[in-house]
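Asks: One-letter residues, chain by chain:
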Amino acid sequence: MDARLFRHAAAVLLLAGSVLASADQQTPFSFRPVQPSRYRTQHFVSERLATWVSAAWRHEPGRWDDAVQRVAGWTPGDLAEMLVDLDDLRAAVANTVRKSDVVSLATPKMAHEKVSVRDWYGTPGEAIALLGLTPEEAWADGLTRLVERGVILHTDIGVLAAEAASTHDVGHELSRTSLHCGFAMALVGSLARTSQGNRLILDWYRSVAGFLQLHREVASAPLFAEQAVSLFPDDLFLLMSAGSIHEMLASPTVQDRDYFTDSRLSPDIESASSHLRKAERFFRQALRLEPGQAEARVRLGRVLGGLNRHDEALAELRAVRPPDDDAFVSYFAWLFLGDEEASAGHRDLAREAYGRALGIAPTAQSGWLALSRLARRSGDRSGAIEAMRRAAELPAGGVDDRYDPWGDYNAGQGRMAPNLLRQLRKPFGRQP
Amino acid sequence: MMRSGPAWLLMLIVLVASVGALAQAPTFSVKVEAVRVDVLVTEGGQPVRGLGRQDFEVFDNGVAQQVDLASFEQIPLNVILVLDVSESVAGERLGHLRAASRGLLAGMQHGDQSALITFSQAVTLAAPLTGDAVRTRAAIDRIEARGATALHDAAYSGLVLGDSDAGRSLLILFTDGVDTSSYLTREDVLDTARRSDAVVYAAAVGGRGRKAFLQDVTRQTGGRLLELESTKDLEQTFVSILSEFRQRYLVSYSPRGVAREGWHELTVRLKGQKRVTIKARPGYLAGFAPDRAEPTRGVIPRSLGLQP
Chain P
12 MDARLFRHAA
22 AVLLLAGSVL
32 ASADQQTPFS
42 FRPVQPSRYR
52 TQHFVSERLA
62 TWVSAAWRHE
72 PGRWDDAVQR
82 VAGWTPGDLA
92 EMLVDLDDLR
102 AAVANTVRKS
112 DVVSLATPKM
122 AHEKVSVRDW
132 YGTPGEAIAL
142 LGLTPEEAWA
152 DGLTRLVERG
162 VILHTDIGVL
172 AAEAASTHDV
182 GHELSRTSLH
192 CGFAMALVGS
202 LARTSQGNRL
212 ILDWYRSVAG
222 FLQLHREVAS
232 APLFAEQAVS
242 LFPDDLFLLM
252 SAGSIHEMLA
262 SPTVQDRDYF
272 TDSRLSPDIE
282 SASSHLRKAE
292 RFFRQALRLE
302 PGQAEARVRL
312 GRVLGGLNRH
322 DEALAELRAV
332 RPPDDDAFVS
342 YFAWLFLGDE
352 EASAGHRDLA
362 REAYGRALGI
372 APTAQSGWLA
382 LSRLARRSGD
392 RSGAIEAMRR
402 AAELPAGGVD
412 DRYDPWGDYN
422 AGQGRMAPNL
432 LRQLRKPFGR
442 QP
Chain X
13 MMRSGPAWLL
23 MLIVLVASVG
33 ALAQAPTFSV
43 KVEAVRVDVL
53 VTEGGQPVRG
63 LGRQDFEVFD
73 NGVAQQVDLA
83 SFEQIPLNVI
93 LVLDVSESVA
103 GERLGHLRAA
113 SRGLLAGMQH
123 GDQSALITFS
133 QAVTLAAPLT
143 GDAVRTRAAI
153 DRIEARGATA
163 LHDAAYSGLV
173 LGDSDAGRSL
183 LILFTDGVDT
193 SSYLTREDVL
203 DTARRSDAVV
213 YAAAVGGRGR
223 KAFLQDVTRQ
233 TGGRLLELES
243 TKDLEQTFVS
253 ILSEFRQRYL
263 VSYSPRGVAR
273 EGWHELTVRL
283 KGQKRVTIKA
293 RPGYLAGFAP
303 DRAEPTRGVI
313 PRSLGLQP
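Protein chains in written order, with the numbering used here: chain P, 12 to 443; chain X, 13 to 320.
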């Protein structure tokens, strides 16, 4: 399947997930069919569902195991049908089949024959057996646990596919990431309506939005992050995540038309100013929640500078109190302050700010290059050369001794994603 | 081959200009006292030789200038290799890149200098500008491929290094990708290119339609972008770049009748000749960045103990 089809299907799944998550449903696990008519046979449905249920139970979190391999290759169509299957299964287990659940099956043998879901699966007992549960478990939280494991299964497929992307077909693997993370989001959406305060949901959105940003999944990362914020509007982490994702989308690297031709992924990226305005909104929301949040103010300052609102940017960056215990944030507080002081023509202040940044990360190439650029623009040719030399010279310990926080800046909250994913998987057993 | 003037005289002028610049360090004058333009003149694809300063017409912002010098081949070169050693270069490409770089060094002449800048997600000055080709060759042997692509940071570093010496600077920029990790932007690099005398030739491998930055930086410096299908013939490409650069004229003039600062559009022509093709940078930026800054006094804050 080509990358375009994957993207399209992922978008459909994302949309379906969003709709499902926001629907006001009383019954658990109500995955409503997207299409009113279905062209399937009983046997086909059972086999796919049985495979999925088995994979969800057997999957070892964090591993590309047999369970993953049985499901990872499913098409967008397979996964869309799975949502329907799960809805029907829920109805069968709950034995809550109503007249409205009578569906129209249109197959070559049974043209438009009216068949109830109960008839389709047989008895509720058979449906429960398909789940690998006892009736008691099914009536308790068995279905919830199954769906949660399904979330982990499909998240792992998405995550492991992205991690493999550097050595395989990048377009294909990243599209699979969108597809399976989109399916996982649809499953998470069903949990949201029945398990208020479920920690898994919040943890899932934090880790997956971060992971997608870390891997520059520019097509789906903003969709996940904004869906997360709509569910958890007061979560500081998710607000920062959404803001920094839009900041990444506004970055010259992503905006550069060269970039997507190279990777063969060409989502509809909005203009830099459009993404920066969205980022501004999220960072301001974060600051309303926690006015002392240094990273939000640093990023807000940089975003305002990017929007050519330099006076506001300078005011925000001057107001930052760089945290002593967070070198990452402190480095950028000084670096971006230097950029804005330079932009305002305050070269001595800019030089001082860059120096403070380099005091935190002495081998950071970004700081030395900023100094070099400042010198060059000032007409200080020898200063520009000297700072460039300092940027490019190898530390005594070689390349591995060189650390530049800039390398992690556009990862935003995604820099914490590996740890968050480990925490997410932890309740589900073994992981590498 | 025409010798349009004594090479030693030109070298002396260049040297005097260099010493003058150093004497004013760390701040150089906003005055543009001499403008140098590397000019390639071809007819039917072949370089035109035997031209003197009386053959050239130079217009600075439309104002005709008196050409002081038009020299051919006598001036030693500073050849700065700026090589992409990101992960995608690993394997066969890296082997070709090493061979091409060694082949280029073999074409260096007495008085020429070379330097090596490599880049992945970071830029490394692997060999400073030196007349000792052995040192540069040793650095070439040590390069390894890994990481992302800080193309803009590397191009900026190469341009700055090119301006560190009074000689003619040729930047050979090799990449097989697009920028993915630079701190500096495309605009930062192009601004530097417009203020630099260095000429950038870029050799880019693979992909379609992803050369916008390389097109811009080579055009701004009067160089050329060579798009390659593979690295198989990279050595020949590097050698031909050096050969072409040696066939360029160095035209020099002292601007008259134009404003000192800002963008200066350049037009170079040959008197009475319309069939020739002339390649030169389209202009140059002079003066400081447009703000009301106080004079700068040394770039590295001494109070922080960061002095080298």
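Please keep in mind that the hints were generated in silico from the structure rather than gathered at the bench.
It is possible that part of the hints are untrue.
Quick list of the computed label-pair ranges, beta carbon to beta carbon [what the hints assert, rightly or not]: (1) P334/P <-> A224/X: 51 to 59 angstroms; (2) V410/P <-> A224/X: 23 to 31 angstroms; (3) D419/P <-> G218/X: 23 to 31 angstroms; (4) T86/P <-> Q259/X: 57 to 65 angstroms; (5) D245/X <-> P244/P: 38 to 46 angstroms; (6) G218/X <-> E174/P: 33 to 41 angstroms; (7) E156/X <-> D419/P: 16 to 24 angstroms; (8) E239/X <-> G84/P: 13 to 21 angstroms; (9) D337/P <-> G299/X: 23 to 31 angstroms; (10) D245/X <-> R320/P: 43 to 51 angstroms; (11) E277/X <-> G84/P: 46 to 54 angstroms.
Quick look at which bits of chain X chain P covers, simulated, 3 or more residues with Cβ under 8 angstroms [unchecked claim]: (12) 50-63; (13) 77-84; (14) 126-137; (15) 184-193.
Residues on chain X that point at chain P, a partial pick, calculated with CB under 10 angstroms [stated by the list, open to error]: (16) D144; (17) P294; (18) G295.
Predicted model only: the values in this text are computed from it and were never measured.
Even for Gly, the Cβ is constructed at its ideal location relative to N, Cα and C.
Asks: A separate judgement is required for each hint: does it hold in the structure or not?
Replies: So, going through the hints one by one against the coordinates:
no., hint, verdict
1, P334/P <-> A224/X: 51 to 59 angstroms, "39 angstroms, violated"
2, V410/P <-> A224/X: 23 to 31 angstroms, "29 angstroms, holds"
3, D419/P <-> G218/X: 23 to 31 angstroms, "28 angstroms, holds"
4, T86/P <-> Q259/X: 57 to 65 angstroms, "59 angstroms, holds"
5, D245/X <-> P244/P: 38 to 46 angstroms, "58 angstroms, violated"
6, G218/X <-> E174/P: 33 to 41 angstroms, "24 angstroms, violated"
7, E156/X <-> D419/P: 16 to 24 angstroms, "22 angstroms, holds"
8, E239/X <-> G84/P: 13 to 21 angstroms, "37 angstroms, violated"
9, D337/P <-> G299/X: 23 to 31 angstroms, "40 angstroms, violated"
10, D245/X <-> R320/P: 43 to 51 angstroms, "50 angstroms, holds"
11, E277/X <-> G84/P: 46 to 54 angstroms, "59 angstroms, violated"
12, 50-63, "violated (count 0)"
13, 77-84, "violated (count 0)"
14, 126-137, "holds (count 6)"
15, 184-193, "holds (count 5)"
16, D144, "18 angstroms, violated"
17, P294, "20 angstroms, violated"
18, G295, "18 angstroms, violated"
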